[in-house]
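Below are the chains, spelled out letter by letter.
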Amino acid sequence: MNQDNKKIITGLIILVVVVLIVVGVKAFMPAGSDTKDSSSVVSTTTRSSGTSSGTSDENTSPANSDADYKDGTYTATGSYESPGGTESVKVTLSVVSNKVTNSEIVSLAKTPEAKEFQGQFIAGYKTLVVGKNVDDIRLSRVSGSSLTSGGFNDALNEIKSKAKS
Amino acid sequence: MMPSMKSKAKLNPSDLPGGARKYQFEAIGTAWTIDIYQDVSDKDAATLFAAIKRRIKTFDKNYSRFREDSLISAVSRKAGTYILPTDAKPLFDLYQALYQATDGAMTPLVGQLLADAGYDATYSLLPGQLSEVPTWEDVLEYDFPRLTTKHPVLLDVGAAGKGYLVDIVSELIEHHSVAAYCVDAGGDMRYRGADHPLKVGLEHPNDPAQVIGVVGLGNQSLCGSSGNRRAWGEFHHIMDPRINKSPNHIQALWVTAETTLLADACATALFFVPASKLAKQYTFEYAILRPDYSLEHSRAFPATFFTS
Chain A
26 MNQDNKKIIT
36 GLIILVVVVL
46 IVVGVKAFMP
56 AGSDTKDSSS
66 VVSTTTRSSG
76 TSSGTSDENT
86 SPANSDADYK
96 DGTYTATGSY
106 ESPGGTESVK
116 VTLSVVSNKV
126 TNSEIVSLAK
136 TPEAKEFQGQ
146 FIAGYKTLVV
156 GKNVDDIRLS
166 RVSGSSLTSG
176 GFNDALNEIK
186 SKAKS
Chain B
7 MMPSMKSKAK
17 LNPSDLPGGA
27 RKYQFEAIGT
37 AWTIDIYQDV
47 SDKDAATLFA
57 AIKRRIKTFD
67 KNYSRFREDS
77 LISAVSRKAG
87 TYILPTDAKP
97 LFDLYQALYQ
107 ATDGAMTPLV
117 GQLLADAGYD
127 ATYSLLPGQL
137 SEVPTWEDVL
147 EYDFPRLTTK
157 HPVLLDVGAA
167 GKGYLVDIVS
177 ELIEHHSVAA
187 YCVDAGGDMR
197 YRGADHPLKV
207 GLEHPNDPAQ
217 VIGVVGLGNQ
227 SLCGSSGNRR
237 AWGEFHHIMD
247 PRINKSPNHI
257 QALWVTAETT
267 LLADACATAL
277 FFVPASKLAK
287 QYTFEYAILR
297 PDYSLEHSRA
307 FPATFFTS
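Those protein sequence lines, which keep their order, are chains A and B.
Per the working numbering, the very first residue in the first sequence carries number 26; after that it's consecutive.
Per the working numbering, the very first residue in the second sequence carries number 7; after that it's consecutive.
Derived DSSO-like pairs: lysine-lysine, alpha-carbon spacing no greater than 30 Å straight-line: (1) B:Lys286 - A:Lys95; (2) A:Lys157 - B:Lys205; (3) A:Lys185 - B:Lys251; (4) B:Lys28 - A:Lys157; (5) A:Lys115 - B:Lys283; (6) B:Lys205 - A:Lys95; (7) A:Lys115 - B:Lys286; (8) B:Lys63 - B:Lys49.
Computed spacing ranges between beta-carbons, pair by pair: (9) A:Ser119 - B:Ala57: 42 to 52 Å; (10) B:Gly199 - A:Ser119: 31 to 41 Å; (11) A:Leu133 - B:Ile89: 52 to 62 Å; (12) B:Glu143 - A:Leu133: 39 to 49 Å; (13) B:Lys283 - A:Thr98: 16 to 26 Å; (14) B:Pro203 - A:Asp96: 16 to 26 Å; (15) A:Glu106 - B:His255: 29 to 39 Å.
For the record, the hints were derived by calculation from the structure and aren't laboratory data.
No residue lacks a Cβ here, since even glycine has one placed at the ideal position from N, Cα and C.
In isolation and in its complexed conformation, chain A is listed as follows (with noise of 0.2 Å):
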């Protein structure tokens, strides 16, 4: 296949994998547990034509929809198959009160491409926030940078209009 639809297909296994850690993190040992690293690595494998498949350790939990997670901080490194060899990304998440509040993706790549890629990913998916209309809330107070006076508006105005004769 040529390079593009593998380009494609390699983002898409890195964005699966991901997702699938993301969503397996009932599968994680906490942080500072006993189990070695190794014990909680959730790997996957995947075919070129971009499907994949979950397994998970042994030695984890069986998924349990219903599950409250421990307040803490959960790591575990996946890892997926490309066409340049065996890649693997880092991920941690904070859980406080069974929500995820915090995420961090580090890239384990060896290869170029995958260190593109995996960047490329980590730089985008991270939520994003968005304004919300101060009419639809009850605030006290807004805060953002300081409110200027008439002194600078005006010296604001004056070089707007001037860039515009």
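Fit chain B to the supplied structure of chain A, relying on the hints for placement.
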């Protein structure tokens, strides 16, 4: 879309409990709102607000680089030894410590660079030739109350001065037996004594009618910083003296801390060093909004954020 320079979105008018007073005015280049959350007689309120106005005036006359009659302006005209006012100690001590912690990136010696870039006493906003910012050791000898300068130098203490003044005004309020209040200087605020958290919106840096999250402020201070309002040409009001440019890797940030002096100072320092470095010496929580709208925050930053 250019953010509206002066206004903020209208807040819910019933945000004050009964018997509270609101006092709004302009000072030190920004808009202040002081809320008193307990019963105070009209006479006592008038006395208190007059005292606040006077105290702000004194502070401005010492530390403003925008007026010719200030101490700061005198230091900019003539080298020598100056005896600093009593209230200078916490401010200058912190500046000295943060100068070290940021390897000189955060410095009171940035005044001339700001003025050269256009943020001068006349608000010309016209960039000229940018000077190199000298090192602390090259120009200053600080041994409170003495400040000795080796040659005339334009200092700027705006990065922490406003927060510090909020603390000073707050202490004045407490001295007048008012324990429950909020002092808000243009978005840098200190809240004390109420029995519930204050809901503070985190202003969207590109749209003042929106917020990207809400802080539940306890008995603490909150400061926000962004390059959105005080911006002209390629510059905004925070300048990195190592490269003579305004940092553009952060869109907005917020800090909570025990004092407004510390929150304000950290809100500038975080443009120059990672939070982990500052956290070794200081206790604070923070949230940083990057240009791509991704958010980094400390675990205990007391806010909920709105996400897509």
